[in-house]
Amino acid sequence: MILIRAIGLMLLLLLGMLLPSNASESDLRAVVAKLATASNFSAIEAVVRELAATGDTAVERPLAALAEGSLYVRKADSVVFVGKESGDSIELLDALTGEKSGEAAKADITKIKVNNTLRRVIRDALGTLTLGSKDPAVRIAAADTMFKTPDAANIEPLDTAIANESAAGVRALLEQARAASVLVSDRPEADKLAAIALIGARGDRDAVSLLTSVEASSEGAVKDAATAAISNINSTLALWDAGQNIWYGISLGSVLLLAAIGLAITFGVMGVINMAHGEMVMLGAYTTFVVQEVIRNSFPGLFDWSLVIALPLAFLVAALVGLIIERGLIRFLYGRPLETLLATWGVSLILQQAVRTIFGPTNQEVGNPSWMSGSFAIGQLSVTWNRLWILAFALGVFAVLLYVMKRTPWGLQMRAVTANRRMAASMGIRTPWVDALTFALGSGIAGIAGVALSQIDNVSPNLGRGYIIDSFMVVVFGGVGNLWGTLVGAFSLGIVNKFLEPYAGAVLGKIVVLVLIILFIQKRPRGLFALKGRSVEA
Amino acid sequence: MRGSFSTIAKMFSAGVVTAGLLMSVPAKAADDTIKVGILHSLSGTMAISETTLKDAMLMLIEEQNAKGGLLGKKLEAVVVDPASNWPLFAEKARELISKDKVAAVFGCWTSVSRKSVLPVFSELDNILFYPVQYEGEESERNVFYTGAAPNQQAIPAVDYLMSEDGGSVKRWVLEGTDYVYPRTTNKILEAYLKAKGVAAEDIMVNYTPFGFSDWQTEVSAIKKFGSAGKKTAVVSTVNGDANVPFYKELGNQGIKAEDIPVMAFSVGEEELAGLDTAPLVGHLAAWNYFESVDTPENAKFIADWHKFIKNDKRTTNDPMEAHYIGFNMWVKAVEKAGTTDPDKVIDAMVGVSVPNLTGGYSTMMPNHHITKPVLIGEIQADGQFETVSQTPGLVMGDEWSDYLPDSKDLISDWRAPLSCGNFNVATGKCGGKGTN
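Top line first, the protein sequences correspond to chains A and B. Residues 327 to 864 (our numbering) are what the first sequence spells out, left to right. Residues 6 to 441 (our numbering) are what the second sequence spells out, left to right.
Be a bit skeptical, because a hint or two may be false.
To be verified - With a cut-off of at most 27 Å between alpha-carbon atoms, the simulated DSS-like pairs for lysine-lysine come out as follows:
1. 78/B <-> 349/B
2. 432/A <-> 318/B
3. 549/A <-> 175/B
4. 312/B <-> 432/A
5. 474/A <-> 79/B
6. 432/A <-> 305/B
7. 549/A <-> 229/B
8. 349/B <-> 79/B
9. 474/A <-> 236/B
10. 305/B <-> 341/B
11. 305/B <-> 437/A
12. 228/B <-> 199/B
13. 40/B <-> 261/B
14. 836/A <-> 229/B
15. 439/A <-> 305/B
16. 40/B <-> 474/A
17. 410/A <-> 261/B
18. 79/B <-> 305/B
19. 104/B <-> 349/B
20. 360/A <-> 439/A
21. 439/A <-> 410/A
22. 413/B <-> 434/B
Hint data in this document are derived by calculation from the structure and do not stem from the laboratory.
With the hints as extra help, turn the sequences into a complete structure.
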């Protein structure tokens with residue numbers, strides 16, 4: 327505490343503020359109360375600056391609340407409170423101390439509005455105030471903010487913070503923030519050159535951003551150093567960009583794999599042109615939505631587990647629908663591909679309209695569990711958690727499916743029926759049931775793909791439409807009837823697509839990929855990994 | 006307007022619809038009612054947006070009947086389903102006018118569906134009320150545009166971002182879905198920005214296909230473009246379903262509204278309903294109406310809507326307000342003309358003024374566009390918009406953009422004696438060309 331106070335006091339002195347030191351609580355309250363009467367954004371901004379200028383760490387609470395939009399004014403007496411929503415009413419907390427001070431109905435209080443400019447001002451103010459926080463994460467955030475908004479006045483508080491910093495990682499960030507501030511100050515050229523070297527070593531986009539503005543505003547040696555540093559960083563970033571493209575490609579590939587893997591069974595193994603495949607994916611996504619709704623209403627604590635719970639349910643729902651479709655429709659149409667195509671197309675329309683009637687035409691909200699939100703960085707490569715999980719999940723599903731096909735009696739029967747139906751039937755395999763269960767398996771897999779896709783796409787009745795063409799593309803390209811082909815096909819299409827996108831744009835990129843596939847199919851009509859065997863000749 | 010139909014797909018859905026599997030209300034032969042056509046997709050990709058407008062129209066008609074109808078007759082809604090299928094829009098419009106003899110039609114969402122019904126409306130001489138913001142460059146005698154023209158949405162939005170309140174943006178990303186509305190709007194915006202002194206290298210234009218869901222490359226390109234030491238903003242004409250993955254990716258890659266705000270023209274309350282909005286707080290949208298607008302008219306409209314739809318969670322949005330204004334204008338014009346004859350009503354429409362939901366009056370101008378206020382809103386954690394800026398007065402819809410070389414000399418005035426939708430003031434002749 328003493329340390330924090332000391333830093334607070336230092337900040338106060340060093341920032342050269344006008345207010346007397348140790349602004350007392352009543353003074354602070356008087357300033358906070360001004361928020362109630364501030365009529366527009368610039369008036370609120372003035373109050374925010376005044377609060378920040380006190381240098382008192384107590385203003386952190388009202389400022390943070392203001393940025394979040396949870397600072398309220400009670401209409402009756404114009405007192406400012408931090409509000410916490412609890413049901414229909416709002417729990418009021420004291421703006422400075424955070425003590426509970428009763429409740430209020432929503433109609434009795436007004437929220438203090440903020441816009442982006444204000445949020446930025448508050449963030450900058452909090453950056454300086456929270457340099458001395460005990461939580462390293464807060465100090466890192468503060469250093470980051472100060473790096474992005476360099477100010478000559480920041481140098482001295484940063485010097486103090488650097489001297490007191492014990493964690494090496496945080497200290498490096500603080501030094502970079504200091505260097506950024508040095509560059510905008512009127513310090514001697516030698517200092518600035520050292521600062522440029524330090525920032526150049528940071529090597530990320532923010533550094534480029536800062537150096538570009540330095541380059542534009544300075545002359546002589548500093549300008550040259552900045553130019554050199556920028557080109558240096560840019561050449562390293564170009565390498566990282568290539569890495570990033572590969573990662574994006576792999577990630578797109580994993581989505582394609584998930585969408586296509588069920589089709590690899592129904593179309594690839596069984597030869598059914600299943601236009602309702604996308605709707606199985608959609609059913610899986612809607613199952614996730616229903617599971618999350620139930621959890622939200624009855625067991626809010628389980629929310630992070632919602633996807634795990636949804637997985638088996640989505641599999642069952644989609645597999646059951648698949649079973650009904652196979653028994654009720656497709657089994658009458660084996661060997662008649664055109665009619666199968668028409669019939670399954672009809673089924674897909676019926677399923678879409680059914681979902682639209684039950685859930686309504688609008689998008690449904692499916693939340694991301696906490697472990698699937700945000701991103702982390704490897705060097706200059708940013709990897710989002712949801713994409714990483716989906717990749718792991720797609721590979722997991724693939725491995726399980728491969729095991730089922732290759733190592734279980736059921737898989738053996740499936741392959742036997744595919745290879746030679748009559749021979750398999752004469753060996754005592756009940757081929758109609760194998761067909762039904764294979765179709766159900768393919769549909770069920772599509773269902774669990776829906777659980778994963780609900781995390782990155784929107785859950786609407788049209789969800790399946792977007793994936794059906796891509797799925798067929800992957801299966802045909804990879805080689806009909808070959809799971810490994812689907813895997814390689816999905817990842818190569820993903821990577822090629824993502825390498826084309828930055829140069830050709832998303833629209834043209836997709837067209838180029840399609841043309842490439844058409845040319846490829848001309849050359850190798852059976853795809854990458856052609857299946858050999860009787861079924862091919864039959 | 007999204008989704009990639011194959012030709013086969015279109016053929017089938019058309020077949021299914023005409024086979025009568027989907028909803029269609031049969032017309033009753035009754036002379037004591039005035040029929041009003043509702044031409045919104047209730048199935049297919051556009052159902053997500055258009056179903057709400059159908060319901061809003063049914064509500065407005067019901068309310069008008071409760072007030073005693075129109076010209077002493079009851080109004081009767083005739084609902085058809087064009088199934089998000091553009092040629093079917095023309096077919097259904099013809100059916101409404103020739104078979105059901107409707108007095109006016111309220112409908113369409115996408116520009117391509119509007120373009121597909123235009124010939125039908127001028128041939129059979131009926132009235133279409135079009136409630137969605139669009140790219141402009143059009144003015145037809147039989148169409149009344151109650152949504153925003155580019156100068157009632159896009160230009161004020163960019164002005165806001167350039168202002169000090171909006172963050173004094175210097176670098177621009179124009180991100181859109183690849184079809185006519187974003188392409189034309191971006192063309193206008195690019196010309197406008199350049200006229201304001203923005204250098205060509207400070208503008209990045211990018212298009213993505215309909216229903217695009219893998220935004221990783223685009224978002225990191227935006228991040229890269231934004232790291233040039235100048236304040237950057239994204240102006241998004243991304244349509245429909247593609248928005249959800251776009252915003253999710255922005256959130257995941259840590260792009261905050263304070264650093265790079267996204268100003269959207271196609272994201273309203275309804276689109277946000279399918280989204281966890283916490284990471285989006287501070288991103289912007291420009292409309293002529295927000296559900297959060299605090300006026301008695303709006304409070305009543307929302308309460309009526311919740312009662313009609315029997316669901317307190319359903320949101321209202323800008324195109325619904327456009328239908329509200331358009332319907333009331335039509336009612337007033339019919340009363341003024343004393344008949345529902347489309348020819349007389351079209352002439353009576355110009356100059357009609359009715360209250361809008363944001364506390365003012367909207368007037369039908371001679372170019373068949375209306376006057377509206379422009380609001381800029383920031384997304385809040387509860388999925389609503391908070392108005393952060395509003396034009397001081399009403400803005401009049403400008404059908405022919407002043408920033409495009411092909412259309413800057415064109416004006417539209419449907420009053421006699423001019424009666425022309427594309428009068429060229431440079432040559433003094435009726436009949437100039439726009440950009441599309």
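Tested hints:
At most 27 Å may separate the alpha-carbon atoms for a hinted pair to count; residue 78/B and residue 349/B meet this at roughly 18 Å. For the suggested pair residue 432/A and residue 318/B, the alpha carbons sit about 18 Å apart, so the restraint of at most 27 Å is met. Distance restraint check for residue 549/A and residue 175/B: the Cα-Cα separation of roughly 22 Å lies within the 27 Å cut-off, and the hinted pair is therefore satisfied. The suggested pairing of residue 312/B with residue 432/A holds, with an alpha-carbon distance near 22 Å, which does not exceed 27 Å.
Taken as a hint, the residue 474/A and residue 79/B pair is broken in the structure, with Cα atoms around 64 Å apart against an allowance of 27 Å. For the given pair, residue 432/A sits about 19 Å from residue 305/B by alpha-carbon distance, which is consistent with the 27 Å threshold. Between residue 549/A and residue 229/B the CA atoms are separated by roughly 22 Å; this keeps the pair inside 27 Å, and the hint holds. At most 27 Å may separate the alpha-carbon atoms for a hinted pair to count; residue 349/B and residue 79/B meet this at roughly 20 Å.
Note on residue 474/A and residue 236/B: the hinted pairing holds, with a Cα-Cα distance of about 12 Å set against a maximum of 27 Å. A threshold of 27 Å between alpha carbons decides the hint, and for residue 305/B with residue 341/B the separation of about 26 Å falls inside it, so the pair holds. Taking the CA atoms of residue 305/B and residue 437/A, the gap is about 22 Å. The hint holds against a cut of 27 Å. Distance check on the hinted pair: residue 228/B and residue 199/B sit about 22 Å apart at the alpha-carbon level, within 27 Å; holds.
Between residue 40/B and residue 261/B the alpha-carbon distance is near 50 Å, which puts this suggested pair outside the 27 Å criterion. This hinted pair checks out: residue 836/A and residue 229/B have alpha carbons roughly 22 Å apart, not beyond 27 Å. Restraint check for residue 439/A and residue 305/B: satisfied, since their Cα atoms lie roughly 24 Å apart, inside the 27 Å limit. With a C-alpha separation of about 62 Å, the suggested pairing of residue 40/B with residue 474/A is violated against the 27 Å cut-off.
Restraint check: the Cα-Cα separation between residue 410/A and residue 261/B comes to about 23 Å, which is no more than 27 Å; the hinted pair holds. Proximity of residue 79/B to residue 305/B is assessed by CA-CA distance (about 23 Å); at most 27 Å being required, the pair is judged to hold. As the CA atoms of residue 104/B and residue 349/B are separated by approximately 21 Å, the hinted pair is consistent with the 27 Å bound. With a C-alpha separation of about 14 Å, the suggested pair residue 360/A and residue 439/A falls inside the 27 Å cut-off, and the hint holds.
A C-alpha spacing of about 16 Å is found between residue 439/A and residue 410/A, which places the hinted pair at or below 27 Å, so the restraint holds. Distance check on the hinted pair: residue 413/B and residue 434/B sit about 14 Å apart at the alpha-carbon level, within 27 Å; holds.
Going through the hint list in order, the structure does not satisfy hints 5, 13, 16.
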